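Novice: Here's the letter readout for the chains.
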Amino acid sequence: MTAFADGLLLLVLVTDLYILASSRLAACVRATAVQGVLLAALPLVLWGPGGGVPLVHLLLMSAGALAVKAGVIPALLLRAAREANARREVEPYVSLHLSVLLGAALVGLSLWLARVLVPPGDVAATLLVPAAFATALLGFLMLVARKYAVTQVVGYLMLDNGVFIFGQSLAGSLPVMVELGILLDLLVAVFVMGIAIHHISREFDHIDTRALASLRD
Amino acid sequence: MNGILPVAAHVALLVLLPPLLPGVIGKTKALVAGRRGPPLLQTYRDIGKLLRKGAVYGRPTTWVFRAGPLVALAATFVAGLIVPLAAGSGPLDFAGDVVAFAALLGLGRFFTMAAALDTASSFEGMGASREAAFGAFVEPGLFLALTIVCIPAGSATFARAWAALPWTVWSPTWPVVLIAAVVLGVVLLAENSRIPVDDPATHLELTMIHEVMVLDHSGPDLAFITYGAALKLLVVAALLVHLVVPVPAEGGWAGVLWFLAGTAAVAVVIGVVESTNARLRLQRVPGFLIGAAALAAVGVAVLVAQGQP
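From first to last, the protein sequence lines stand for chains E and Y.
For the first sequence, my numbering gives the first residue as 1, with consecutive numbering after it.
For the second sequence, my numbering gives the first residue as 1, with consecutive numbering after it.
The shape of chain E in the complex, shown without the other chains (with noise of 0.2 Å):
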């Protein structure tokens, strides 16, 4: 189980890369949807039957992530992108080719943060702590490095796919209710981010945040 827990974290890095490296926002969008079917798979490949977590408890957790993740939030984003007539991330404040580069060199250093620190509980798979820092990293990458609210939202769900790979090291004893509601929670700020883009793809005819730190009347 484990080899294969970790083929699939090794997946979602890839997915983090390519999503750092690509410059159109409809594949951004649609690779954080593949990345979502990947994490909704990820319970049930670690924990799957027999684990000590009960089924009922993974079958929720996964489909819910599938319906989220994969499901929704590319939708809502999707839809956000075309009525904001936005294609592809013009100049971003780092260059897609360096933000690669970057994105590397945050994955070789999550790797030796997950050597370093101790991580709780009993963790299955070697690349679960490790994949969880570097998806959260490249999420932070995106959101600093990128004009547009797209992109920044994209890397805002990154942010949490790590929070929720980190999080299946202690699967079972986090209630149910508590991960559904976590799920919940990143829908509804999604849902605010898409109200925001419209706003400021209607105020400004574009969806560059840049617009947005400077004053006027």
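Hints in this document: simulated from the structure, not taken from any laboratory.
Worth double-checking, as some hints may not be accurate.
[Said to hold, decoys possible] Which residues of chain Y face chain E? A few of them, derived with a C-beta cut under 8 Å, are:
1) Trp174
2) Pro175
3) Pro286
4) Gly287
5) Ala294
6) Leu295
7) Ala297
8) Val298
9) Ala305
10) Gln306
A quick note: this is a predicted structure, and the numbers were derived from the prediction, not measured.
Where is the CB? At the ideal position from N, CA and C, for every residue including glycine.
We have chain E already, so just place chain Y on it with the hints.
Specialist: Then chain Y, alone, in the frame of chain E:
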């Protein structure tokens, strides 16, 4: 590799097989596009025809121009003697031969570029500059992918690296091996000037990379270049074949069959990739190659963190 027979088989494969690969790729592309395409053996005929012709040398050219195709072909051939084809090791097998392999590819690239610059043609200089720029992005990917392959063996020798590679798909290293295979696939496309990095069929000098560097070569020189390009395709494809197909280490007929099947599969995949993708804009090629190198770097980091020896 011991005995005369395996060495003879290796050299025979290395000499006879390469021109078949462009044929298979061309046939695949023609099939996907619904055409009949050139015959499978067209490249052999092209090379034969070119070898019978005389060569024309421009007045500004020096010995560098004449040496370019020869050195490139020779370097690629020696690299082909190092890399294992139908067995677990090649005829030239020494400690650190992985590095020698990459260096020989680099030597061939250098002489092709030097010959292009020697013509003093601005087009060829442009091609050489692009080749140098993209080469700088390809080589980190190549080295990092080879590092992934070498880490399980703890040795930069092809024979020991291939012997230590885990073939059972469920072993802990398999996803990383898959990453190495993907990155080597990108390196294969870039090293051999295929789509999406370069278009081997284009005739517009402004967008060509490899073709524009060999514009001034003619006759036997062009035959060497055509043959050398096919040979390079085979040599780099051999790396990929050994990663994805279980070629038996002891070789023999089973090894030859596995190797031929794997090589044909790689050629078909290249044909499909070329049929379904457009060439990237020149500015976007570095991003593609950097992405591959970053992926390989992540693979190396994961392998190191998993505590492989």
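Novice: All hints are to be evaluated individually against the structure, with a verdict given for each.
Specialist: Checked hints:
no. : hint   : in the structure
1   : Trp174 : holds (7 Å)
2   : Pro175 : holds (4 Å)
3   : Pro286 : holds (6 Å)
4   : Gly287 : holds (5 Å)
5   : Ala294 : holds (4 Å)
6   : Leu295 : holds (6 Å)
7   : Ala297 : holds (4 Å)
8   : Val298 : holds (5 Å)
9   : Ala305 : holds (4 Å)
10  : Gln306 : holds (6 Å)
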